[in-house]
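*Asks:* Sequence:
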Amino acid sequence: MIQREIEDLLPNEIKVIIADDHEIVRAGIRRILSLEKRIKIVAEAENGKVALSLIHQYQPDLVLLDINMPQLDGIELARMLKSNNPEIVVLMLTALEDYQNIERALAAGADGYLSKDVSPNFLIEAIYKSILGERVFSKSILRVLEAPRSFQSESDNSNVTLTKREQEILNYVATGKTSQEIAEILGISVRTVQNHRANIMQKLGIKTAAGLVRFAVIFSTKQREERLI
Numbered sequence: 001m002i003q004r005e006i007e008d009l010l011p012n013e014i015k016v017i018i019a020d021d022h023e024i025v026r027a028g029i030r031r032i033l034s035l036e037k038r039i040k041i042v043a044e045a046e047n048g049k050v051a052l053s054l055i056h057q058y059q060p061d062l063v064l065l066d067i068n069m070p071q072l073d074g075i076e077l078a079r080m081l082k083s084n085n086p087e088i089v090v091l092m093l094t095a096l097e098d099y100q101n102i103e104r105a106l107a108a109g110a111d112g113y114l115s116k117d118v119s120p121n122f123l124i125e126a127i128y129k130s131i132l133g134e135r136v137f138s139k140s141i142l143r144v145l146e147a148p149r150s151f152q153s154e155s156d157n158s159n160v161t162l163t164k165r166e167q168e169i170l171n172y173v174a175t176g177k178t179s180q181e182i183a184e185i186l187g188i189s190v191r192t193v194q195n196h197r198a199n200i201m202q203k204l205g206i207k208t209a210a211g212l213v214r215f216a217v218i219f220s221t222k223q224r225e226e227r228l229i
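Its first residue numbered 1, the sequence shown is counted upward by one per residue in our numbering.
Where hints are given, some of them may not hold.
Okay, derived cross-link-like pairs now, DSS-like style, lysine-lysine, Cα gap no bigger than 25 Å in a straight line [as the list claims (entries may be wrong)]: (1) K164 / K203; (2) K164 / K116; (3) K40 / K129; (4) K15 / K37; (5) K164 / K37; (6) K177 / K164; (7) K139 / K49; (8) K82 / K164; (9) K82 / K116; (10) K164 / K49; (11) K207 / K164; (12) K222 / K116.
Derived by calculation from the structure, the hints in this document are not laboratory data.
Owing to the predicted nature of the structure, the values given are computational and were not obtained by experimental measurement.
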């Protein structure tokens, strides 16, 4: 069941493209999404190159991408889309739950990473939340992200203190906001945002942008959980 406050914020129509090389998977997703009046499936693709062509043709609001597809894999396609069409929401929907592929997807700019074993309701809610700007992950993926190996850090970050501004910026990073977007929201310069990001990474011993995104996602998720307690 979609929360009423989420429903009230959604657009009347969400155009979606499904890209997966298995016809039976596309059929199952189509069946689930067709029950939602707001969601309009404008096209389906069996490989990455066809998906790219259809995306240019239909300009969807959101794309559901498998990873292992012929000709052009889903993560490379996600990287191309977020570079050229950052307004399009990209959700990975895959059976691959390993750390390496999650890291690649985050580095490519994916707006979410979902396991194919999620429930129909979870998938629909993830689509709606991502359309509203939230970065979404299924529970099994969050468990992988939270595992100790997810942090390639030379220091223990458990006792690090972050300023209120650094925490704000982490929460925006978790939703997929760029430094430019964060600067506009907070009314500060892009250079200031970049300096804050650099300071956070130095404090936590994080070496890569993808590592910062991973930490931001976990940090933001734990903050939301604490507010619910």
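*Asks:* Each of the hints needs a verdict: does it hold here or not?
*Replies:* How the hints compare with the structure:
| no. | hint | verdict |
| --- | --- | --- |
| 1 | K164 / K203 | 14 Å, holds |
| 2 | K164 / K116 | 36 Å, violated |
| 3 | K40 / K129 | 16 Å, holds |
| 4 | K15 / K37 | 11 Å, holds |
| 5 | K164 / K37 | 40 Å, violated |
| 6 | K177 / K164 | 18 Å, holds |
| 7 | K139 / K49 | 30 Å, violated |
| 8 | K82 / K164 | 29 Å, violated |
| 9 | K82 / K116 | 22 Å, holds |
| 10 | K164 / K49 | 44 Å, violated |
| 11 | K207 / K164 | 22 Å, holds |
| 12 | K222 / K116 | 24 Å, holds |
Hints 2, 5, 7, 8 and 10 from the earlier list are contradicted by this structure; the remaining hints agree with it.
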